Amino acid sequence: MVKLKHILNGVVVSEIDLHEGFFSIGRLKGNTLQLEDAAVSGKHAVIHVQRSPYMEAIFDISIKDSDSTNGTYVNSELIREKRLKHGDHIRIGTHEFKIYDSQAGVGTQTEFYVPEDQV
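For the sequence shown, the working numbering begins at 1 and goes up steadily by one.
Keep in mind that the hints are not guaranteed to be accurate.
Computed list of lysine to aspartate or glutamate pairs in EDC-like fashion (alpha-carbon distance at most 20 Å, straight line) [claimed, not checked]: (1) LYS5 - ASP67; (2) LYS5 - GLU56; (3) LYS82 - ASP67; (4) LYS43 - ASP67; (5) LYS5 - ASP101; (6) LYS29 - ASP60; (7) LYS98 - GLU15; (8) LYS64 - GLU81; (9) LYS85 - ASP37; (10) LYS98 - GLU77; (11) LYS43 - ASP101; (12) LYS64 - GLU96; (13) LYS85 - GLU36; (14) LYS5 - ASP65; (15) LYS64 - GLU20; (16) LYS3 - ASP67; (17) LYS43 - GLU56; (18) LYS29 - ASP67; (19) LYS5 - ASP60.
Here are the computed distance ranges between Cβ atoms for each label pair [unchecked claim]: (20) LEU28 - GLU56: 31 to 37 Å; (21) PHE22 - ALA57: 30 to 36 Å; (22) ALA104 - LYS43: 25 to 31 Å; (23) GLU56 - ASP17: 28 to 34 Å; (24) GLU96 - MET55: 26 to 32 Å; (25) HIS86 - SER14: 15 to 21 Å; (26) THR32 - GLY10: 21 to 27 Å.
Hints are computed from structural coordinates only; laboratory data are not their basis. Source: prediction; values computed, not measured. Note that the Cβ used here is the ideal one computed from N, Cα and C, for glycine as well.
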């Protein structure tokens, strides 16, 4: 299961289950996660979760900034779109999140090659 952990002052204050599909984040009603924060755009970013075409137990997770005013950051890097992995930190406005994937350790004994055109 993939979770988005909301972190405040270094403490996890909530966990949000991310199911397959699209998960929108923004200030406006209608987003999957609505954040009351002036630094967050109305439609700020979208997280996409889908099963890997190579291994059923693994999820491919990506985030795309929706042309927000203040940007979306992954591991302190301003991004337009980025593939996410277990442990990545996301910052949207003044909010910090961490990706948690309970299946992240599945591939620790075997390495997988994913062609660049499949990313």
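Hint check:
Between LYS5 and ASP67 the alpha-carbon distance is near 23 Å, which puts this suggested pair outside the 20 Å criterion. Distance check on the hinted pair: LYS5 and GLU56 sit about 23 Å apart at the alpha-carbon level, beyond 20 Å; violated. Taking the CA atoms of LYS82 and ASP67, the gap is near 14 Å; set against the 20 Å cutoff, the hint holds. Of the pairs offered as hints, the one joining LYS43 and ASP67 holds, with about 8 Å between alpha carbons and a cut-off of 20 Å not exceeded.
Under the criterion of a C-alpha separation no larger than 20 Å, the hint pairing LYS5 with ASP101 is consistent with the structure, at around 10 Å. Taking the CA atoms of LYS29 and ASP60, the gap is about 27 Å. The hint is violated against a cut of 20 Å. Restraint check for LYS98 and GLU15: satisfied, since their Cα atoms lie roughly 9 Å apart, inside the 20 Å limit. For the given pair, LYS64 sits about 4 Å from GLU81 by alpha-carbon distance, which is consistent with the 20 Å threshold.
About 26 Å separates the Cα atoms of LYS85 and ASP37, which puts this hinted pair outside 20 Å; it is violated. Proximity of LYS98 to GLU77 is assessed by CA-CA distance (about 14 Å); at most 20 Å being required, the pair is judged to hold. Restraint check for LYS43 and ASP101: the C-alpha separation of about 25 Å exceeds 20 Å, so the hint is violated. Under the criterion of a C-alpha separation no larger than 20 Å, the hint pairing LYS64 with GLU96 is consistent with the structure, at around 16 Å.
About 26 Å separates the Cα atoms of LYS85 and GLU36, which puts this hinted pair outside 20 Å; it is violated. Distance check on the hinted pair: LYS5 and ASP65 sit about 19 Å apart at the alpha-carbon level, within 20 Å; holds. Of the supplied pair hints, the one linking LYS64 and GLU20 holds, its CA atoms being roughly 16 Å apart against a limit of 20 Å. Only pairs whose Cα atoms come within 20 Å are accepted, and LYS3 paired with ASP67 is rejected, the gap being roughly 24 Å.
At roughly 31 Å between alpha-carbon atoms, LYS43 and GLU56 are farther apart than 20 Å, so this suggested pair is violated. Among the hinted pairs, LYS29 with ASP67 is consistent with the structure: their alpha-carbon atoms are about 18 Å apart, no more than 20 Å. For the given pair, LYS5 sits about 17 Å from ASP60 by alpha-carbon distance, which is consistent with the 20 Å threshold. The hint said 31 to 37 Å for the Cβ distance between LEU28 and GLU56, and at roughly 35 Å that hint holds.
Against the hinted window of 30 to 36 Å, the Cβ-Cβ separation of PHE22 and ALA57 comes to about 21 Å, which falls outside the hint. About 29 Å separates the C-beta atoms of ALA104 and LYS43, a value consistent with the hinted range of 25 to 31 Å. Hint check: GLU56 to ASP17, Cβ distance near 18 Å, so the stated range 28 to 34 Å is violated. Range check, GLU96 to MET55: about 29 Å between beta-carbon atoms, so the 26 to 32 Å window is met.
Look at HIS86 against SER14: about 18 Å separates their beta carbons, and that is inside 15 to 21 Å. A hinted range of 21 to 27 Å for the beta carbons of THR32 and GLY10 is consistent with their spacing of about 25 Å.
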